[in-house]
Amino acid sequence: MTETTRRGLAWAHGCLAVQSLGGMLGPVTFLLPDGRQVSPLHVAPWGSDPDRTTLPPILQELRGEWPCVPFGSDGSRPLPKGWSDAGETFAGADVPHGHGSNAHWSWGDCDERQIVLTCSYPDGHPVRQLRRRIVPDPRAAAVDITLEIEVRRPCRLPIGLHPTFRLSPRPGSVWLEPGAYGEVRSFPGDVEPVATLFAPGGRWSKLESVDARDGATIDAASVPLDQNAEELLQLVGIDGAIALHYRDEGFRARLEWQKEHFPSLLLWYSNRGRKAYPWDGKHLALGVEPVCSAFDFGPAVSSADNPLASPAAPTSLPFYPDQPFVTRYRISVEAAPMG
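As numbered in our numbering, residues 295 to 633 make up the sequence shown, in order.
By construction, these hints were calculated from the structure, which means they are not laboratory data.
Cβ atoms here follow ideal geometry from the backbone N, Cα and C, with glycine treated the same way.
Check the hints yourself; a few may be wrong.
Pairs of lysine-lysine residues, derived as DSSO-like cross-links and limited to a Cα-Cα distance of at most 30 Å, are as follows [claimed, not checked]:
id	residue 1	residue 2
1	K500	K553
2	K375	K500
3	K569	K375
4	K576	K500
Derived DEER-like restraints, expressed as beta-carbon distance ranges [what the hints assert, rightly or not]:
id	residue 1	residue 2	range
5	Y571	P463	17 to 27 Å
6	D505	P463	23 to 33 Å
7	D505	R447	36 to 46 Å
8	P339	P448	38 to 48 Å
9	E628	G418	37 to 47 Å
Could you put together the complete structure from these sequences and hints?
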């Protein structure tokens with residue numbers, strides 16, 4: 295097992311840590327103008343448990359935010375009716391959230407202003423390299439991140455970003471405030487068979503009114519949920535912004551990204567639903583994941599025709615060897631009213 299290494303940065307408005315495994319950013323402690331310190335990103339509690347070596351690398355020291363190239367994985371679950379896996383696939387397409395989520399990244403130019411990492415992909419993989427640049431805003435409680443993707447050959451891939459936010463135990467203590475979006479879609483099957491909640495394959499106009507399998511209506515913008523569940527919802531055609539209002543703590547965390555690169559937002563409700571190790575029925579976090587993907591199905595499904603894809607909100611993007619892909623996004627915090 296390769297030892298995880300870490301680098302840190304402090305600036306006038308906070309401090310942050312980045313680890314080699316997965317290139318994951320977290321924790322990040324922001325300093326609000328009133329002097330309070332807040333840390334909105336999640337750090338899984340099993341990061342120092344010796345048994346974690348039995349887990350896939352992506353889970354061993356799970357934390358914060360990282361890129362997923364490609365997003366999802368092939369062959370991870372049965373396909374519902376109307377879905378096809380006739381799209382592009384390749385050796386390594388079954389790795390959960392891509393090689394970069396499970397590999398140790400190499401440190402690049404790191405100084406008092408920035409942290410840079412690179413991740414080389416295996417020979418034969420359509421992706422050649424990822425480069426990640428993390429820069430605190432010297433004037434604000436914010437971090438700006440750049441992701442560059444270089445490929446070896448023309449291909450279509452689903453891609454995503456994987457910010458994961460911590461939640462306090464009280465149901466409804468955090469309100470989700472997404473920008474404008476087209477519709478809400480639920481996963482067309484079981485994310486976790488014993489922890490299902492939302493009606494499968496559903497379509498709704500508002501996150502605040504999502505149908506449960508038992509016929510009830512759930513406000514899915516109010517988290518944590520008051521029922522144990524492991525679920526996915528996708529906001530299709532979103533405008534590139536969402537805020538999380540931590541009502542009990544009096545602050546708001548914001549995530550902003552380029553909507554032309556990530557036209558949907560996948561919400562991963564890890565709401566004490568998974569019972570096996572390392573989740574143990576206790577894990578509480580919310581993945582707030584800008585994606586160009588069909589849920590987390592993987593390249594073969596997301597690059598094929600599927601019920602989620604449209605010209606306005608595709609589920610994969612084209613990549614070319616002579617055109618490096620560059621995208622930018624931002625995580626920030628601000629004071630907000632209590633309650």
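Violated hints - listed by number, lowest first:
none
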